[in-house]
Amino acid sequence: MKDVKITPLRNGTVIDHIKPGMALKILPLLNIDQDYSTGLSIAMYVQSKKHQLKDIVKIEDKELHHKEMNRLAVITPNATISIIRDFKVVKKFKVKLPKVIEGIVRCENINCITNGKEPVVSKLVRAQEDPVKFKCYYCGRIQNMLEKRII
Amino acid sequence: MSLKGRDIVAITDLDMDEIETILNEAQKMVPAARGEVKNDSLSGMILAALFFEASTRTRLSFETAMHRLGGDVITIAGQEGSSLIKGETLADTIRMAEGYSDIIAIRHPKEGAARLSATFSKIPVINGGDGAGQHPTQTLLDLFTIKQNLGDISKLHVTIGGDLKYGRTTHSLSLALGRMGARMTFVAPKRIQMVDHILDDLNRMDASFDVVYDIKETIPDTDVLYMTRIQKERFPDEEEYMKVAGAFRITAEMLEPAKKKMIVMHPLPRIDEIHHSVDATPHARYFQQAFNGVPVRMALLHLLLED
Ligand SMILES: [Zn+2]
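Residue numbers (this note's numbering), protein chains in the order written: chain A, 1 to 151; chain B, 1001 to 1307.
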């Protein structure tokens, strides 16, 4: 049962070490549109080598950009991204929280103008390192638990 | 350095030199603010005062400031403001107002409204208060009043009392004073003491401050006593409110041990925090402070519209 039957990827992107149960949440952030038809496999709640649960997403024939992948860190900060060409890992990196998060997370301030009907997407900017904290560009509120307010 | 075309949304948008420039310009504006000399430097210009929330003092001082510089004012206030909020997005109202004016002053019940307006507007936006958020012109006029009376702010001890939890005025004032190197004492009942995120910010900038609970003991050693309104709604019952309101009421008698040059400030309107007996003492500065809203806003209008 421990072995996951996902065919090895010839070309594409593997997102590994996704927080268990979050695989479906990250799909909307990958910019994979409806026309994408090559192949996408998702494994959820599989055991890692260190016997911890994780999700994995494999995307065939599509190399995802470094920058757009960093948005994933909001949902799953420990995810790793591997770019595969001809069955070989040609590039591997860990996601890193970006300086600005736009349109992914709602501002936690219920009285913030961005939580109403205005034609803007939410915009959170990095306000502090270690621990990393973001604040709303509009109302200035420091944000806690970003993953709870994914749009 | 030029501030022309800039937005003033939060006091933190301004660096120390820019604050200094604004305070110096405000000092020059005092005679014209009093109507003693004529200043027509903004003749032909129009201020749109968009007050989606009532604030008579702030609105009138913006309007007076513009008139004192020879400019004109168009205003949204009262019921009109609240029906506009229901009717269309702020983004749309701003782009309409921008077509009718040269500069916008906005007050709005939602936090972030001024930043949003600045994002959509091609003309300068001044924040006249957005919800529990920012109110930079209040902070500027507070700093101006302190400097005008006592000079170098970095050498002063400022005691800030009253509602420090919900009072946004005290938040941005203390951050500004911290940046300027003033020593601060926060005095309030536990329930409404200064919030942690402001104390964290002050620690990060190495500001020097104390948190205390008894207002009487702070009086002899302070240069400025800045009181704010204590609202009944913040307390679970009438009894507890009365207890706090009683302990935090400044009277002329309480000020006897104060330094001779100590000044008492309050953003007004006051409830019971400052007894009328204080008005006649040489310490009272809250009416001067209210007047200072005019020269400070004149300075801003002038600097944002002219070089
Ligand atoms: Zn916000």
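Source of the hints: derived by calculation from the structure; they are not laboratory data.
Don't take every hint at face value.
30 angstroms max Cα-Cα, derived BS3-like pairs, lysine-lysine [said to hold, decoys possible]: (1) 1216/B with 135/A; (2) 1122/B with 135/A; (3) 88/A with 117/A; (4) 94/A with 117/A; (5) 99/A with 1216/B; (6) 135/A with 1004/B; (7) 1122/B with 1147/B; (8) 135/A with 1260/B; (9) 67/A with 88/A.
**Hint check, failures only** = Violated hints: 1, 3, 4, 5, 7, 8; rest satisfied.
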